[in-house]
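> Residues per chain are reported as follows:
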Amino acid sequence: DSGVTQTPKHLITATGQRVTLRCSPRSGDLSVYWYQQSLDQGLQFLIQYYNGEERAKGNILERFSAQQFPDLHSELNLSSLELGDSALYFCASSVEDSSVHTQYFGPGTRLTVL
Amino acid sequence: GQQVMQIPQYQHVQEGEDFTTYCNSSTTLSNIQWYKQRPGGHPVFLIQLVKSGEVKKQKRLTFQFGEAKKNSSLHITATQTTDVGTYFCAGPGYSGAGSYQLTFGKGTKLSVIP
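Just so you know, the protein sequences line up as chains Y and V, in that order.
Numbering of the first sequence is given in the working numbering, commencing with residue 0 and proceeding in unit increments.
Numbering of the second sequence is given in the working numbering, commencing with residue 29 and proceeding in unit increments.
Hints are computed from structural coordinates only; laboratory data are not their basis.
Just so you know, not all the hints are guaranteed correct.
What the hints assert, rightly or not - The list that follows gives simulated cross-link-like pairs (lysine-lysine, PhoX-like), each with its CA atoms no further than 25 Å apart: (1) V:Lys87 to V:Lys64; (2) Y:Lys56 to V:Lys98; (3) V:Lys84 to V:Lys137; (4) V:Lys85 to V:Lys64; (5) V:Lys64 to Y:Lys8; (6) V:Lys79 to Y:Lys56; (7) V:Lys134 to V:Lys85; (8) V:Lys85 to V:Lys137; (9) V:Lys79 to V:Lys98; (10) Y:Lys8 to V:Lys134; (11) V:Lys84 to V:Lys64; (12) V:Lys98 to V:Lys84; (13) V:Lys137 to Y:Lys8.
Unchecked claim - Listing some non-contacts, in silico: residues in chain V with all C-beta distances to chain Y over 12 Å: (14) Glu43; (15) Asp46; (16) Asn59; (17) Gly68; (18) Val72; (19) Val112; (20) Pro120; (21) Gly121; (22) Ser127; (23) Gln129; (24) Gly135.
Fair warning: this is a prediction, and the values are worked out from it, not measured in the lab.
Even for Gly, the Cβ is constructed at its ideal location relative to N, Cα and C.
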């Protein structure tokens, strides 16, 4: 158990819909990262927050947005969903925003868009 | 931008055989991290290498960081069925404003035939 929690575990929805994925980082971790993992694909970095502020953006679509709240939990919002958005979405956390800090991954949310 | 490449993409070995996965970065890295993702699971941190030419061992796993700090390898001696999973290397890249993000390779998926 990494200490990072993600809800829901599974999500099935239809094209055009909007969903929200939630992540609670490990106690004491200030940085939260979101990744997308498609079938047989690596981990695509989407976005990072540090202590409530957006720090870095990766390959995140304009239809996707995220935020980190004062209690440090984070939400990833996916809207106007398309079939290609079906994937595993992981949240990871680390103590600080530094190149030497490892990331601890949550169990992921499996999103299926029908 | 920074690219991290891993080969091979897939590897099938007989139990007891050795296994090696290679990681190459397009840029010099301050450190490299290795993660393992079991089938149906989430990535779990294995190790971090920081120094040029560094070699670290974890039981049957040997990790190396190249002299130029642009490549790395993971070698597993006498594979066991518990080694099954996808092994990812990841290198930090500076994304501006004092922030770092990890760029993951696509991973090597290891299957072990009992």
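> Quick one, are Lys64 (chain V) and Lys8 (chain Y) close enough, alpha carbons at most 25 Å?
holds (20 Å)
> Does the no-contact call for Asn59 (chain V) survive, Cβ to all of chain Y over 12 Å?
violated (6 Å)
> Just to be careful, I want the Cα atoms of Lys84 (chain V) and Lys64 (chain V) compared with a cutoff of 25 Å; is the pair within it?
With a Cα-Cα distance of about 16 Å, the restraint between Lys84 (chain V) and Lys64 (chain V) holds, given a limit of 25 Å.
> Please confirm whether Pro120 (chain V) is truly not at the interface, meaning its C-beta sits more than 12 Å away from all C-beta atoms of chain Y.
violated (4 Å)
> Decide if the proposed pair is consistent with the structure: Lys137 (chain V) and Lys8 (chain Y), CA atoms, cutoff 25 Å inclusive.
Status holds; Cα separation ~23 Å.
> With a cut-off of 25 Å on the C-alpha distance, tell me whether Lys85 (chain V) and Lys64 (chain V) pass.
Holds: Lys85 (chain V) and Lys64 (chain V) sit about 15 Å apart, inside 25 Å.
> Compute the least Cβ-Cβ separation between Asp46 (chain V) and chain Y, then decide whether it is above 12 Å.
holds (24 Å)
> Need the status of pair Lys79 (chain V), Lys56 (chain Y): alpha-carbon distance at most 25 Å?
Measuring from Cα to Cα gives roughly 28 Å; hence the hint is violated.
> Quickly compare the C-alpha distance for Lys87 (chain V) and Lys64 (chain V) to 25 Å and report which way the hint goes.
The hint holds at about 15 Å.
> Holds or violated: Lys8 (chain Y) with Lys134 (chain V), Cα cutoff 25 Å?
Roughly 23 Å separates the two Cα atoms, so the pair holds.
> Non-interface claim for Glu43 (chain V): all C-beta distances to chain Y beyond 12 Å?
holds (23 Å)
> Check the non-interface label on Val112 (chain V): least C-beta distance to chain Y beyond 12 Å or not.
At roughly 15 Å from the nearest Cβ of chain Y, Val112 (chain V) sits farther out than 12 Å, so the non-interface label holds.
Comparing the model with each earlier hint shows violations of hints 6, 16, 17, 18, 20, 21, 22, 23, 24; every other hint is respected.
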